[in-house]
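2 protein chains.
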Amino acid sequence: MTYCLAMALDEGLVLASDSRTNAGVDHISTYRKMRVWQKDDDRLIVLLSAGNLAITQAVVAILEQNVRADATDHSMLNVDSLQHAARLVGQAVRQVYHHDGKALKEAGVDFTISLILGGQIKGEEPRLFMIYAAGNFIEATPETPYFQIGETKYGKPIIDRMVNTKTDLTSAAKCALVSLDSTIRSNMTVGLPIDLLVYRKDTFKVATHQVVRDHDSYFEDLRTHWGKGIRELFQRLPDPPWEI
Amino acid sequence: MTYCLAMALDEGLVLASDSRTNAGVDHISTYRKMRVWQKDDDRLIVLLSAGNLAITQAVVAILEQNVRADATDHSMLNVDSLQHAARLVGQAVRQVYHHDGKALKEAGVDFTISLILGGQIKGEEPRLFMIYAAGNFIEATPETPYFQIGETKYGKPIIDRMVNTKTDLTSAAKCALVSLDSTIRSNMTVGLPIDLLVYRKDTFKVATHQVVRDHDSYFEDLRTHWGKGIRELFQRLPDPPWEI
Numbered sequence: 001m002t003y004c005l006a007m008a009l010d011e012g013l014v015l016a017s018d019s020r021t022n023a024g025v026d027h028i029s030t031y032r033k034m035r036v037w038q039k040d041d042d043r044l045i046v047l048l049s050a051g052n053l054a055i056t057q058a059v060v061a062i063l064e065q066n067v068r069a070d071a072t073d074h075s076m077l078n079v080d081s082l083q084h085a086a087r088l089v090g091q092a093v094r095q096v097y098h099h100d101g102k103a104l105k106e107a108g109v110d111f112t113i114s115l116i117l118g119g120q121i122k123g124e125e126p127r128l129f130m131i132y133a134a135g136n137f138i139e140a141t142p143e144t145p146y147f148q149i150g151e152t153k154y155g156k157p158i159i160d161r162m163v164n165t166k167t168d169l170t171s172a173a174k175c176a177l178v179s180l181d182s183t184i185r186s187n188m189t190v191g192l193p194i195d196l197l198v199y200r201k202d203t204f205k206v207a208t209h210q211v212v213r214d215h216d217s218y219f220e221d222l223r224t225h226w227g228k229g230i231r232e233l234f235q236r237l238p239d240p241p242w243e244i
Numbered sequence: 001m002t003y004c005l006a007m008a009l010d011e012g013l014v015l016a017s018d019s020r021t022n023a024g025v026d027h028i029s030t031y032r033k034m035r036v037w038q039k040d041d042d043r044l045i046v047l048l049s050a051g052n053l054a055i056t057q058a059v060v061a062i063l064e065q066n067v068r069a070d071a072t073d074h075s076m077l078n079v080d081s082l083q084h085a086a087r088l089v090g091q092a093v094r095q096v097y098h099h100d101g102k103a104l105k106e107a108g109v110d111f112t113i114s115l116i117l118g119g120q121i122k123g124e125e126p127r128l129f130m131i132y133a134a135g136n137f138i139e140a141t142p143e144t145p146y147f148q149i150g151e152t153k154y155g156k157p158i159i160d161r162m163v164n165t166k167t168d169l170t171s172a173a174k175c176a177l178v179s180l181d182s183t184i185r186s187n188m189t190v191g192l193p194i195d196l197l198v199y200r201k202d203t204f205k206v207a208t209h210q211v212v213r214d215h216d217s218y219f220e221d222l223r224t225h226w227g228k229g230i231r232e233l234f235q236r237l238p239d240p241p242w243e244i
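Taken in order, these protein sequences are the chains called R and P.
FYI, the numbering for the first sequence is 1 to 244, going by full-length UniProt numbering.
FYI, the numbering for the second sequence is 1 to 244, going by full-length UniProt numbering.
These aren't lab readings, by the way, just hints derived from the structure by calculation.
Please note that the accuracy of each hint is not assured.
Unchecked claim - Taking lysine-lysine and the BS3-like style, the derived pairs with C-alpha atoms no more than 27 Å apart in a straight line are: (1) P:Lys228 with R:Lys166; (2) P:Lys39 with P:Lys205; (3) P:Lys102 with R:Lys105; (4) P:Lys105 with R:Lys102; (5) P:Lys166 with R:Lys228; (6) R:Lys105 with P:Lys105.
Build out the structure end to end from the sequences listed, making use of the hints.
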């Protein structure tokens, strides 16, 4: 499993992903799920992926190949809008499906992939898309400013409570880490290291890209504070008016 | 969807369920998912159900019929152990499958049901079982003293943090309500009223059975405290050492 999330805020974007991949509990490995394309003063594009690892790697390989070929209309470094970039990702997904879908079906393997694409291209505001296995996609809006893919449920309540478009980048980054912490605690197939990338609007470069590994002192600190605080908060909850 | 949970603690049992049933978002209704059988000074048995409503009602109908018939070995009021009671529930599930399974399959409807059975029968400790759609079941242990069925993920992190067998009944009841609150917030197909039942070991009667409806003042109080506390806790989290 995997857990990735991304938030589109007034100040910019926050994107985070775990690094665990599993094909059964006896085959758990570490694979990074975040790819970044950047061109100074022009664009920053980040892709997060969840689903079948062979499929997601094949999709990324197509995108990378088009970047290397400097394909006018098919390179993440040349397209003129993030919507166009999302379309490229969707096309790559369909290309992989066209190539592998039948064989996967025969082998009884579902064609599972979902992706989050976020970033900013000069001339546009920062944007955030979620791309489905069918290659179609949706865009985040002020009412729903975040996307999650993979093992999404454990880490959703805290985002619902804390994040809206006015949330500052630091708070949003903390919320992403707390959301990942809750997920990692509840699902052993989601694990460290975490890739956390923060992008500040109109800078066209990475504000910070943290790789949170085992024993990361800040992450340890955060989860200790959070766990202790939750327990204390729970102790202080009002007692019921009924007798037990 | 549905969300039910139950905890087996040193002091007794806490069981809770929501009351929403849906067949598509345009067909949402209220159905209670908790059934109680009780015989003074002898036993208290509680059944929670999730899954296809027609299937769960058919299962309960069989169990009720056997209670009314006062069937020696097949009545929840006569069996001599909770394991035997769990076997009765499993048999009822298989009977419904035998009767309806083929027609459901032809109609493209999955045979989905899961149940939690908790209680105490004189001569035994309180026990807690989870019964699957195949009619087989597992029992809670001190290491894993709780079960959830239905929409389980949103409400799991708080139980994992707060509940072990030493938890007192009042704290466990509060935790069950917070867990349900998190689930209700995140999934519109889980909803009020909540059935909350607390059983104190060796009493063979209900300690309290609360039906938490809209505008229940204690539940409102609890969720306000919790929501405010979580926000305050979040504000107090340490800032990251890295620059954004």
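We went through each hint and held it up to the structure:
| no. | hint | result |
| --- | --- | --- |
| 1 | P:Lys228 with R:Lys166 | holds, 18 Å |
| 2 | P:Lys39 with P:Lys205 | holds, 8 Å |
| 3 | P:Lys102 with R:Lys105 | holds, 26 Å |
| 4 | P:Lys105 with R:Lys102 | holds, 26 Å |
| 5 | P:Lys166 with R:Lys228 | holds, 18 Å |
| 6 | R:Lys105 with P:Lys105 | holds, 22 Å |
Of the numbered hints listed earlier, not one is contradicted by the structure.
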